[in-house]
Amino acid sequence: MAACLLRGVVFVALAAWTSGDDGEPTFVAELSSKPAQKLSKYGWYGNVRLQRFHIPEETAVARWLFTVTKGHSFHCGQHNVTIHIRWGAPPVINPTGLVFPNATLWSPSLSLTLPVVSQSSTTFNLSDPAPGDWFVAAHLPEDDGRIEQKGFPSCSYFFQPQLSVRRAVDTPVLQQGTFLTQTAAPDRPARLKLYVPEFASSLVISVSNCSAGGAAAAAEAEDCWLLLRLGSVSEQMSSITVNCSGTSCSAALASPPWDRWLPVLVESSQGNRSVSFSVASDYTVGCKPRSVGLKADDGMKKLRGSSSQTNSTSPLKDAFNNETAALAAPLLPSACVWSIPVLYEETDVLSLRYTAVNGPNVSVTDTHPTLLTYPLHPQATGGTLNLQLSLNTTNATLGNGSRVVGCFSPWAPVLELNQSQPCRTALFGGHGVVVNASVPKAVIRLPFPQSTTWYLTLQLECNRSDCSNVSVVPVVPEVFISACVEDCGTYGECRLLRSYTYLYAACVCKAGWSGWGCTDDSTAQSFRRQLTSTLLLTLSNLSFLPAIVVAVHRFYITEASVYLFTMFFSTFYHACDQPGVAVMCIMDYDTLQYCDFLGSICSIWVTILCMARIWDVAKYTLFVLGALLIAMSMQLDRKGLWNLLGPVLCAILLMVVTWVYRGVQRRRCYPPSWKRWVLYLIPGIVCALVGVCLYIFAETEDNYYYTHSLWHILVASCVVFLLPPQEKDREASGWSRGFSWSWSWSWRPRVCGYTLCQSSKDELYTVT
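Counting the sequence shown from 1 gives a position; my numbering is that position plus 1386.
Treat the hints loosely; a few may be bogus.
[Stated by the list, open to error] Lysine-lysine pairs mimicking BS3-like chemistry, simulated, CA-CA at most 27 Å apart:
#1 Lys2025 <-> Lys1456
#2 Lys1579 <-> Lys1427
#3 Lys1424 <-> Lys2005
#4 Lys1424 <-> Lys1456
#5 Lys1896 <-> Lys1424
#6 Lys2005 <-> Lys2061
#7 Lys2025 <-> Lys1536
#8 Lys1536 <-> Lys1896
#9 Lys1827 <-> Lys1427
#10 Lys1579 <-> Lys1674
#11 Lys2025 <-> Lys1896
#12 Lys1536 <-> Lys1424
#13 Lys1456 <-> Lys1427
#14 Lys1536 <-> Lys1456
#15 Lys1427 <-> Lys2025
Hints in this document: simulated from the structure, not taken from any laboratory.
All chains, please: the whole structure from these sequences, using the hints.
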């Protein structure tokens, strides 16, 4: 289904004043909607319905309307729909409380629970949301493991999100060092914005000349209360709030986000009176990173060198020596960190690798931090961001008190690394890493990372006695995007999912393993259980051998061939379909599944047609025509309900018509023998009904291996009971009409032809 995005901009003045009157911004509304999607019970991330919304800059209020509607009228009870909201990337969820893989870091997203009986809706309001992509994910409670056959009615719920935003179109801009006079009222806060350039190390917002309106303004100047808020609202970002009293105050941010518009909100708490004030911004560029390794056109030379692998060892060694020499030299006063250029290349879908242009080794010193920059595009947020930091002890040896510390942070780097400085910036938290002689490798995995620029800051910490021997230490930082965490391990498969044009990946686990990376073994199946399941599902198909023997004995050679085909492909399909390590695939899995489904339906088709006792020419014509139509329908929808019901109902209808015709013609019930009904037909029908009930209503993921094995046995048994006996007074198989087949394996020509020797008596459906 194509994305149906209703994007309308409704220009409605929501206030009586415009920007031309008193400087207040004008607000407009924007609406967007997504089509309804059917919800699923949560078993893995593929059961989650993911939607992406875009919130523009300068949005004051975002309001989501979530509607859940039940699809059928029969009673399904009450179900709780869980809704997750996250900014910048899809939400990382863990509704079942499973164990995440080692070194995997994640934070919970905003969550809502919506009880649903027939139709329910709820709203979620967010003031001053962060601009950019917001993701909404919804799912039903945990899957109970019951296998529902496609086509049968079941409880279905449809989820539809809608978003309306209210944004300002002419927000005043704070210029560097310029005071701007504004007015804030209790119901109309002053909204401003400022641009934070790259390399800004600090930002200060100052409020002065505050005065409250009214008759007693001069007497109550000291009671001019204001609330100053910097930054937007999201679950990853913490806005800075300052309570101002008196006539002036200020808010300072260390390490503000780089290259970004920052909203500033000033609210008044002066009752019903408005407050006028002056506000100004001032940012400081304490230092600019000094690039190491690239000069002028060196970038193109490095790219050419990476594409051609000839003589690559010497340039990398020379580059490392040059980098080490540069780090040993003192920095200029305008520089405080060494910047290492990074090359990134896309290797596959949701696969991106970053490499330092000077080679894998990066030099780290104790005097100044080393900075590496990793831009992450929105198309890569559906994967996993991996950081592996390794200590190269070949060229240098660290003492016991020395270590290399690092901070991996989004939006802005941490330019000072010490024990008192936490690994976080002004508005965002970072992830710290440490390597030393005892722990030479550190790993960080971030599922669904935010789309921004990530910064890795590295610095050597050591005692003076240790640093006197080693001043520069080489480390190997590996940063790359992978679709899943460690490719989902042994008991998982990494699946690529799509929500309209957005691609993301998740692990689907098997053999009872679970978790984000299929590493939680709390419900894992043992090897003995896996082997038992494989043996039951494959060896139970040997129950078709009696049906094949009976068919050959009664000269139903075509039917026996179909049963043999079904037994063969059902056996090897289930041997290949096992979730664990006890698996054997003789050909492609999709081919085995197709042949298994085709053979099963054709077996039912030929058996019922054989019971109908129609003319041989018509019977074999229907065999071929039915097999072709079944093959076509299987290609259209392999697991569709009518792929089975269609041939069965048509064959039963034809059988009933022929039986009624014979009964009316003979003026007695057909088949006439009560023994045939009691000993064969009724037991065969009972076996078929019990097998169908097990197949449709009783199968779950836990009992599948023995309920489906019992289904194999019951279906094969009902064929033995229902297959009619050989016709009396004539040969049953068309290929033997010109010859007689004796048990001595000798062939003798018949005395007369088929037409002259055929009995004119009607056959009797009796026990032979």
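Structure-based check of all given hints:
no., hint, result
1, Lys2025 <-> Lys1456, "holds, 24 Å"
2, Lys1579 <-> Lys1427, "violated, 43 Å"
3, Lys1424 <-> Lys2005, "violated, 43 Å"
4, Lys1424 <-> Lys1456, "holds, 10 Å"
5, Lys1896 <-> Lys1424, "holds, 24 Å"
6, Lys2005 <-> Lys2061, "holds, 26 Å"
7, Lys2025 <-> Lys1536, "holds, 6 Å"
8, Lys1536 <-> Lys1896, "holds, 21 Å"
9, Lys1827 <-> Lys1427, "violated, 39 Å"
10, Lys1579 <-> Lys1674, "holds, 24 Å"
11, Lys2025 <-> Lys1896, "holds, 21 Å"
12, Lys1536 <-> Lys1424, "holds, 14 Å"
13, Lys1456 <-> Lys1427, "holds, 14 Å"
14, Lys1536 <-> Lys1456, "holds, 18 Å"
15, Lys1427 <-> Lys2025, "holds, 19 Å"
In summary, the numbered hints that this structure violates are 2, 3, 9.
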